[in-house]
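A.B. asks: Order-wise, the sequence lines are chains A, B, C and D. When you line the first sequence up against the numbering used here, it's residues 1 to 142, in that order. When you line the second sequence up against the numbering used here, it's residues 143 to 469, in that order. When you line the third sequence up against the numbering used here, it's residues 470 to 808, in that order. When you line the fourth sequence up against the numbering used here, it's residues 809 to 1086, in that order.
Certain hints may be false.
[Stated by the list, open to error] Here are the simulated SDA-like cross-link-like pairs (lysine to any residue), alpha carbons at most 25 Å apart as the crow flies:
| # | chain 1 | residue 1 | chain 2 | residue 2 |
| --- | --- | --- | --- | --- |
| 1 | D | Lys829 | C | His748 |
| 2 | D | Lys1005 | D | Gln975 |
| 3 | C | Lys477 | C | Glu516 |
| 4 | D | Lys897 | C | Gly541 |
| 5 | C | Lys743 | A | Leu49 |
| 6 | C | Lys479 | C | Ser539 |
| 7 | C | Lys807 | B | Ser185 |
| 8 | C | Lys743 | B | Asn382 |
| 9 | C | Lys647 | C | Ser590 |
| 10 | C | Lys743 | D | Ile1023 |
| 11 | D | Lys821 | D | Asn884 |
| 12 | C | Lys477 | B | Arg273 |
| 13 | C | Lys743 | D | Lys1026 |
| 14 | C | Lys478 | C | Glu516 |
| 15 | D | Lys897 | D | Glu875 |
| 16 | A | Lys128 | B | Pro345 |
| 17 | C | Lys664 | B | His317 |
| 18 | D | Lys1005 | D | Phe917 |
| 19 | B | Lys208 | B | His317 |
| 20 | C | Lys743 | D | Lys820 |
| 21 | B | Lys223 | C | Lys807 |
| 22 | C | Lys743 | D | Ser1075 |
| 23 | D | Lys820 | D | Gly899 |
| 24 | B | Lys208 | C | Ala745 |
| 25 | C | Lys517 | B | Gly288 |
| 26 | C | Lys664 | C | Glu516 |
| 27 | D | Lys876 | D | Arg968 |
| 28 | D | Lys820 | C | Lys477 |
| 29 | C | Lys517 | C | Glu668 |
| 30 | B | Lys208 | C | Trp688 |
[Stated by the list, open to error] Listed below are several chain B residues computed to face chain A (Cβ distance under 10 Å; list not exhaustive):
| # | residue |
| --- | --- |
| 31 | Ala186 |
| 32 | Ser344 |
| 33 | Ala431 |
[To be verified] Residues of chain D clear of chain C, computed beta-carbon distances all greater than 12 Å:
| # | residue |
| --- | --- |
| 34 | Trp974 |
| 35 | Gln975 |
| 36 | Leu996 |
| 37 | Arg1048 |
| 38 | Glu1084 |
Calculated directly from the structure, the hints in this document are not laboratory data. Glycine residues also receive a C-beta, built at the ideal position from the N, C-alpha and C atoms.
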Amino acid sequence: MSDWQPRIIAFLCNWCSYAGADLAGVSRIQYPPTLRVVRLPCSGRVDPLLILRALREGYDGVLVSGCHPGDCHYLSGNYVARRKFAVIKAVVEHLGFEPGRVQFSWVSAGEGEKFANVVAKVTEDIRKLGPARRMAAAEQVK
Amino acid sequence: MASLAEKLRDCARGLLAEGKADVVIGHAAGTLPMRSAPCFVRSAGEVEGLIFDHTCGANLAKYLVKDKPRGKKGEAAKPEKVALIAKGCDGRAAVQLVVEGQIARENVIIIGVPCRGVIDPHRLGEAVGGREVLSCRPEGESLFVGGDGFKEKVELREVLSECCLSCRHPVPPVHDVLVEEAVEAPGGADEFAAVEKLAAGSPDERWAFFEREFFKCIRCYACRNACPMCFCGECFIDQNDPQWFGKSTDPGDTMLFHAVRVMHTAGRCVDCGACVRACPVGVDIRALAKRAEKEVRERFGCEAGVSLEEAPALAAFDEDDPQEFIL
Amino acid sequence: MAVRKLSKKKLKKLLEELARDRVVYGPVSSDGQVSFAEASGGELALEKAISDRPPKNVFFPQAEVLLTYSGGETKDETYTGRPAAVFGARPCDARAFAVIDRVFLGEPPEDPCWRARRRDSLVLALACNRPASTCFCHWMGGGPFGEEGVDVLLTDLGSEFLLKACTPAGERALGASKVLQEAGEDDLAASEQLKGQAEARLSGSLDVAEAKRALEALWDEGLWEDFSSRCLGCAACAYLCPTCHCFDVQDEGSASRGRRLRIWDACMFGLFTKEASGHNPRTATRERLRQRVMHKFSYFPDKFKAVACVGCGRCVRACPSNVDLREVLRRAVQEAVKR
Amino acid sequence: MNPYMPMPMRVKKIIEESDDKTLRTFELAFCQDEDRDSFNFLPGQFCEVSVLGKGESAFGIASSPTEKDAVRFTVNRVGLVTTALHYLKEGDTVGMRGPLGNSYPIEKFKGENVVIVAGGFAFTTLRSLAVYLLHPEHRSDIKGLTVIYGARMPGLLLYREELARWQKRDDIALHLTIDRPAEGWDGLVGFVPTVTKEVAPSPDAAWVVVCGPPIMIKFTLPVLQEIGFPPERIYTSLERRMKCGVGKCGRCNIGSKYVCTDGPVFSFAELRELPEAF
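Generate coordinates for the entire structure from the input sequences, incorporating the hints supplied.
C.D. replies: Rendered as structure tokens:
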């Protein structure tokens, strides 16, 4: 179990976090290979459906990342998103998904290092939680 | 002194007779004890059927957006002027629909009626041990319930919808007419007590609770269809490309259906409890919905349907919204 | 036909006997809801006038795997388990099995899934001594002691059940049991008396053939507008109906591995008839509610020679906006007479 | 035999039918010999074709029973399953159940004239019928064969090479039309109902089969009746959303008729008696 690596879906905004991930790559900063990246035009595009569908598919965790407040390419996308994130996190955790399964971050295009740190932290958090088991247990049609 | 029903009939009669409203949507006596039926009154002569009491649980604002009349191809239907007999939560839902651009303010007349709480048929059933209720008479804070071989007195608070017990808006905060002065809300209970109790438990305990609740779900979508805020032309759960979740009663799929519906109605839900009362199998949908409401209230200070000026909580933002959870 | 008696104390024994070569289902209470589930040792909720959910899931689960596929291989997943015994269903629900038999088994090809679960099944129905106020089985040609679709009819005599075989299968079941006693003339008389009392409790009357003609005559009338304007278009009525049998077929999985399910569906949903092109023959609640009622009282009788409603009253109780099917039928008859 | 179990079929050939690439014809070959040997159908019948993981949809069979090597379907890309079909490559496997439903009343056509009126991509099962009737074994069973077929523009006419061959034959009267004049088109121009009126096929000892979009049917029907075709000699094929295809799932009913088992082919005399048919 000790070398188990979680599978994490990452929804990254095109303008900042995706570029940040790119920078981390070209700068050859080491971070865990746990992410499956989905590029979105803006973190404001994140619908709870995307996150819950990822959990339904059995992913061990979800990371959503966008531009820092004030830096949104579309001016206010991430501000609106931030409110949504709070509700998503609250409801998902209330439903019984462990805190840490779904995480959010702001990473700018210049923060390659921060991106790597975020991935490392999220990966470690989810590693501690262990593999997703909620949905695996639920999948039972009579 | 005229009864509440008489006053609201007078009001409806006046609006119809003067041509201020094309239709009055209200409640009429139902065919079962403690059940009312939504009714659509189009002429002054028909107002006699209108009632308002503890049985009027449907949120009538739903009918402002259900089966929206469609005009001929290319032209909008002529909007009807609708007068809505609205308890607090019906009125709030109507306001929220205006705020969200679903209906025009000038096309709806909100007739406020003071609500003393509505009965939840599931709680009534529980209170009498699942026996069939054949008669029911409210008296003060009690309800005299009769059935096949039994007569019992139950406390009204025991059978009112849970949402009514913490109600803070017995009359619509925004209304055009107020049929009778506001009463004291039956509320008083801590509306988030149940949420906090669950939150105090472990994730595993919460999961077990919700799995058990949603396992009951038969996916008839009565909750969604009774909800005035569920007006999407195509619900995410009905989409097939992409198909977000499976359509079977697999608990994983049903739980996530309810979870997403709660998130989609977050900041818009007026906690009318119509979903809970509509559910034929007694799923405690509010147990999850209240968590979203709590977050919206505490974090953003927003409440749905209390003001025509306030944007929906999740369509607005403040640059200083707290973000302690974001890395 | 054989008639026997069973002491209520020995009910468990009878269920054990049945469980030897069958899966026994009975009304089980959970969270205040009575539905049909495997009755393995638990208490049966036989007191309730009618279960909250019908027993149709025994032969027609809400979701059922038709086939699975993996790496190019497709596997038929039709039920191959033991036959079922349904204990404690009410006569209306038993009659509903016979209704669904007509469509699933009556016309070729047979529905293999219904056939597989229905094969060699045994229905032990419990007669209704005290029907609920919403029961209208007598309008539909049934009754609280009705025997259609029933293999063994049980009557609650107080401390004992009277068991009457209604089919050869029921006869065999009674013959095979070792916990039954002989029944006497007085037991039969007691049962007859209860039957009379039960029938007297049922209220109103309606000629279902007249209702059929009325509905057909009122195809385009305001009746539908009135009821559909408050109908929310959910499927509470259809999913709690013992005779509704429409289903959807859905694939779940990837291209290489997954399953094909059949899942209950309901004509009250807008999507039910919506074609991929966007065209929908039934665009509004009005047409869909009409379809549901007409299917039960006109189309089904025309095609399968039976009314597709057994008068259990579940839809009446479950409807969130009080669209009362009895009211629809009564109004139709009244309005047709007026014309 | 489980009617819900599909037969495996191999995609033998994919033919692009229309210029806008929304219509493709799929030639499916049986993977199992016993399936091929037991597959007998008549023009007008349909099959449920499935892409595992996506679902099943009903398609009228576009090939003729006289074309033994494969079963053909022409698919318009509109929804989930049809899109999945359009993504298929030659050599891929799909599932097929059928043949289902009834067929055009070929027995009745014996010794009489047959008129086929088609609009848009509803031509598929009518192509099956035409090819069947033109086959040397059957051509002498009937007298005249007239085909009136219209599409919005030339690029949307199905089976164009075949149509070109038919135009050279003298045992079929083919009238092709498009809605509006187009460059390089020297054939008829006009909507199907109008062209039908101009062609005015004789109703004497004749049967007409008409398929197309609802609006076309609506306007063609009065034209045919005006020409003198009685409703019981006018046939059409209906479409409804279907799932099981065998009269169980309750989805495709029109009144007490199920389109999947009582149809899809109905005469207008039958449809007149049904509510909601159009």
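A.B. asks: Now look at each hint and say whether the structure bears it out.
C.D. replies: A quick look at each hint next to the structure:
The straight-line distance between the Cα atoms of D/Lys829 and C/His748 is roughly 21 Å, inside the 25 Å bound, and the hint therefore holds. With a C-alpha separation of about 20 Å, the suggested pair D/Lys1005 and D/Gln975 falls inside the 25 Å cut-off, and the hint holds. For the hint linking C/Lys477 to C/Glu516, the alpha-carbon distance of about 13 Å falls within 25 Å, and the restraint holds. With a C-alpha separation of about 16 Å, the suggested pairing of D/Lys897 with C/Gly541 holds against the 25 Å cut-off.
Under the criterion of a C-alpha separation no larger than 25 Å, the hint pairing C/Lys743 with A/Leu49 is consistent with the structure, at around 24 Å. Taking the CA atoms of C/Lys479 and C/Ser539, the gap is about 48 Å. The hint is violated against a cut of 25 Å. Distance check on the hinted pair: C/Lys807 and B/Ser185 sit about 22 Å apart at the alpha-carbon level, within 25 Å; holds. Distance restraint check for C/Lys743 and B/Asn382: the Cα-Cα separation of roughly 12 Å lies within the 25 Å cut-off, and the hinted pair is therefore satisfied.
At most 25 Å may separate the alpha-carbon atoms for a hinted pair to count; C/Lys647 and C/Ser590 meet this at roughly 20 Å. Taking the CA atoms of C/Lys743 and D/Ile1023, the gap is near 18 Å; set against the 25 Å cutoff, the hint holds. Note on D/Lys821 and D/Asn884: the hinted pairing holds, with a Cα-Cα distance of about 16 Å set against a maximum of 25 Å. Using a Cα cut-off of 25 Å, the hinted pair C/Lys477 and B/Arg273 holds, with the two alpha carbons roughly 22 Å apart.
The hinted pair formed by C/Lys743 and D/Lys1026 meets the criterion: a straight-line CA distance of about 20 Å does not exceed 25 Å. For the proposed pair C/Lys478 and C/Glu516, the alpha carbon gap of about 15 Å is at most 25 Å, so the pair holds. Taking the CA atoms of D/Lys897 and D/Glu875, the gap is about 22 Å. The hint holds against a cut of 25 Å. Of the supplied pair hints, the one linking A/Lys128 and B/Pro345 holds, its CA atoms being roughly 15 Å apart against a limit of 25 Å.
Taking the CA atoms of C/Lys664 and B/His317, the gap is near 56 Å; set against the 25 Å cutoff, the hint is violated. Restraint check: the Cα-Cα separation between D/Lys1005 and D/Phe917 comes to about 22 Å, which is no more than 25 Å; the hinted pair holds. Taking the CA atoms of B/Lys208 and B/His317, the gap is near 21 Å; set against the 25 Å cutoff, the hint holds. Of the supplied pair hints, the one linking C/Lys743 and D/Lys820 is violated, its CA atoms being roughly 31 Å apart against a limit of 25 Å.
Annotation: proposed proximity of B/Lys223 to C/Lys807 is violated, straight-line Cα distance about 32 Å (limit 25 Å). The suggested pairing of C/Lys743 with D/Ser1075 holds, with an alpha-carbon distance near 24 Å, which does not exceed 25 Å. Distance hint between D/Lys820 and D/Gly899 is fulfilled; the C-alpha atoms sit about 6 Å from each other, no more than 25 Å. This hinted pair checks out: B/Lys208 and C/Ala745 have alpha carbons roughly 23 Å apart, not beyond 25 Å.
Restraint check for C/Lys517 and B/Gly288: satisfied, since their Cα atoms lie roughly 16 Å apart, inside the 25 Å limit. Only pairs whose Cα atoms come within 25 Å are accepted, and C/Lys664 paired with C/Glu516 is accepted, the gap being roughly 17 Å. For the hint linking D/Lys876 to D/Arg968, the alpha-carbon distance of about 21 Å falls within 25 Å, and the restraint holds. For the suggested pair D/Lys820 and C/Lys477, the alpha carbons sit about 67 Å apart, so the restraint of at most 25 Å is broken.
Taking the CA atoms of C/Lys517 and C/Glu668, the gap is near 17 Å; set against the 25 Å cutoff, the hint holds. With a C-alpha separation of about 23 Å, the suggested pairing of B/Lys208 with C/Trp688 holds against the 25 Å cut-off. Given the 10 Å rule on beta carbons, the hint for B/Ala186 is violated: about 45 Å separates it from the nearest Cβ of chain A. Annotation: interface hint on B/Ser344 holds; nearest CB of chain A at approximately 9 Å, less than 10 Å.
For B/Ala431, the shortest C-beta to C-beta distance to chain A is roughly 9 Å, which falls under 10 Å, so the interface hint holds. Consistency note on D/Trp974: stated as away from chain C, and its beta-carbon is indeed over 12 Å from all of that chain's, at 28 Å minimum. Against the 12 Å criterion, D/Gln975 stays outside the reach of chain C, whose nearest CB is about 30 Å from its own CB. Distance check for D/Leu996 against chain C: the nearest CB is about 27 Å away, which clears 12 Å, and the non-interface claim stands.
Non-interface status of D/Arg1048 relative to chain C is broken: a Cβ of that chain comes within 12 Å, the nearest being about 7 Å off. With a minimum CB-CB distance of about 6 Å to chain C, D/Glu1084 fails to clear the 12 Å threshold, and the non-interface call is violated.
Violated hints, in rising order: 6, 17, 20, 21, 28, 31, 37 and 38; the structure is consistent with all others.
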